[in-house]
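Asker: The chain contents come next:
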Amino acid sequence: MHILSKFAAVTALTVMSTTSFAADDPIAARQNIMKNVGAAMKAAGAMATGKAEYDALAAELAVRTINSSAIGFPMFFPKGSETGGDTEAAPAIWSDMEGFSKSSAQLATDSATATEAAKGGMDTFKGAFFAMAKNCKACHEKFRIKKN
Amino acid sequence: MRGFLKVFLLLAMAGAAVFWYLTEPKVLDAQSLPTTPGDVEKGKYIFYASGCASCHAAPDAKGEEKLALAGGHAFKTPFGTFYAPNISPDEEDGIGGWSDVDFVNAVMRGVSPDGQHYYPAFPYMSYQRMNVQEVIDLKAYMDTLPAVKSQVPDHDLPLPFRFRRGLGAWKFLFMDNKPFKAVQGASDAVNRGAYLVTGPGHCGECHTPRNLLGGPETDWQLAGGPAPEGKGVISNITPHRDGIGDWSEADIASSLETGFTPSYDTFGGSMVAVQENMAHLSAEDRAAIAAYLKSVEPRPSRWKERKPEK
Chain A
1 MHILSKFAAV TALTVMSTTS FAADDPIAAR QNIMKNVGAA MKAAGAMATG KAEYDALAAE
61 LAVRTINSSA IGFPMFFPKG SETGGDTEAA PAIWSDMEGF SKSSAQLATD SATATEAAKG
121 GMDTFKGAFF AMAKNCKACH EKFRIKKN
Chain B
1001 MRGFLKVFLL LAMAGAAVFW YLTEPKVLDA QSLPTTPGDV EKGKYIFYAS GCASCHAAPD
1061 AKGEEKLALA GGHAFKTPFG TFYAPNISPD EEDGIGGWSD VDFVNAVMRG VSPDGQHYYP
1121 AFPYMSYQRM NVQEVIDLKA YMDTLPAVKS QVPDHDLPLP FRFRRGLGAW KFLFMDNKPF
1181 KAVQGASDAV NRGAYLVTGP GHCGECHTPR NLLGGPETDW QLAGGPAPEG KGVISNITPH
1241 RDGIGDWSEA DIASSLETGF TPSYDTFGGS MVAVQENMAH LSAEDRAAIA AYLKSVEPRP
1301 SRWKERKPEK
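First to last, the sequence lines map onto chains A and B.
Just so you know, we're using my numbering here: the first sequence kicks off at 1 and counts up by one.
Just so you know, we're using my numbering here: the second sequence kicks off at 1001 and counts up by one.
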């Protein structure tokens, strides 16, 4: 099982680094970043909830992926990318870029904490993981609108 | 000519009388209420099941702040903008001093203590299905919440909609004042879920599309549609492939608990507040909601037909 979660985390990382080059299509790039964040959450969440065996390295890799995604995430929301593609970005991002950046920075901070905590074993990781997980909903509540 | 005028006047008067009769607020009287005093603990559970704070807490309130029901949240609808009132136990700005029957009629009949109709932005269409005793329990709990002062703006509505009496006609069309009716032959869990979804949980208020008059399109129950605020859509939550057909009951129950969907995406928008209330319910009740959602008729998402995927 832990081989699998390690694999998921590593794939997420590699896909992540390839998408960074897609900056000429910021909508596709930010959606790919979020998809990887989702995949990393899946791997980390399975361990934090005890559905998969805890593996410190896999856990660390997963939350590190989330951390590197959160850093600089608002750069993928330049003016002119408000609509188009099937973006689910809410207009609130551009009317409150400061709040959006704060929300992104909070995820960066909390995922950095979780990256450290992963080394301390399942029990330390769990707390840090759930604290980090709150950021996803908090940002999606304000800054994302479902389109289909 | 004179004869015609007379007939016309008579008809108009009959019409007005019928209109007046039809739009007359229908209320419960105090004698018909159960006499068991409200139970604060049970009321607290109903408070989360029925999501009063999602609308009545101050906008952007988080955590404990959600217990101060100061109002002020704006709801943009095709009929104008509504502001949720203060429903804290404050005597002046809130609903302090209301009797049980005042409260029951507001929540379950959409009628104010002085006999005015409320707008259906207040989801009494769903709350009419609630158990009366539970509404009394809810009041007992809400009486223990902090009394707060606040000034809430008046609703911003175009002229024809400012006339509250006319809402009686709307209620006549769409509201039946009937209690929840169990589905014959369905399991207890499915029926418990049906009660929670159609009554206190008021899921259909967002997830069932509305017709031009703002009434629910009962043929499209829970099939989602364009969001009333004009941006985005509200998900189809029937077990159709356009909806949550590929979610298991366990997936649904767990997403209501944690906010994460099976693909580790999360709920967003107004569903976040709903989910955070559902997280306060028992695991059995979340499972019951899931069982009910999987049991309803699968329906496609109509808006996808109108706007085909590119």
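Any given hint could turn out to be false.
[Unchecked claim] Cβ-Cβ distance ranges computed for the label pairs, FRET-style:
| hint | chain 1 | residue 1 | chain 2 | residue 2 | range |
| --- | --- | --- | --- | --- | --- |
| 1 | A | S101 | B | P1113 | 42 to 48 Å |
| 2 | A | W94 | B | G1245 | 57 to 63 Å |
| 3 | B | E1257 | A | S101 | 46 to 52 Å |
| 4 | B | P1113 | A | A131 | 42 to 48 Å |
| 5 | A | S101 | B | R1241 | 49 to 55 Å |
| 6 | B | K1062 | A | P78 | 25 to 31 Å |
[What the hints assert, rightly or not] Facing chain B, a subset of chain A residues (Cβ under 7 Å, in silico):
| hint | residue |
| --- | --- |
| 7 | M41 |
| 8 | K119 |
| 9 | C136 |
| 10 | I145 |
No wet-lab data here; the hints were simulated from the structure.
These figures come from a predicted structure and were not determined experimentally.
No residue lacks a Cβ here, since even glycine has one placed at the ideal position from N, Cα and C.
Asker: Against each hint, give a clear statement of whether it holds in the structure.
Answerer: Taking the hints in turn, this is what the structure says about them:
no. : hint                         : result
1   : A:S101 x B:P1113: 42 to 48 Å : holds, 47 Å
2   : A:W94 x B:G1245: 57 to 63 Å  : violated, 35 Å
3   : B:E1257 x A:S101: 46 to 52 Å : violated, 30 Å
4   : B:P1113 x A:A131: 42 to 48 Å : holds, 45 Å
5   : A:S101 x B:R1241: 49 to 55 Å : violated, 37 Å
6   : B:K1062 x A:P78: 25 to 31 Å  : holds, 30 Å
7   : M41                          : holds, 4 Å
8   : K119                         : violated, 23 Å
9   : C136                         : holds, 5 Å
10  : I145                         : holds, 3 Å
The structure is inconsistent with the numbered hints 2, 3, 5 and 8, although it conforms to all the rest.
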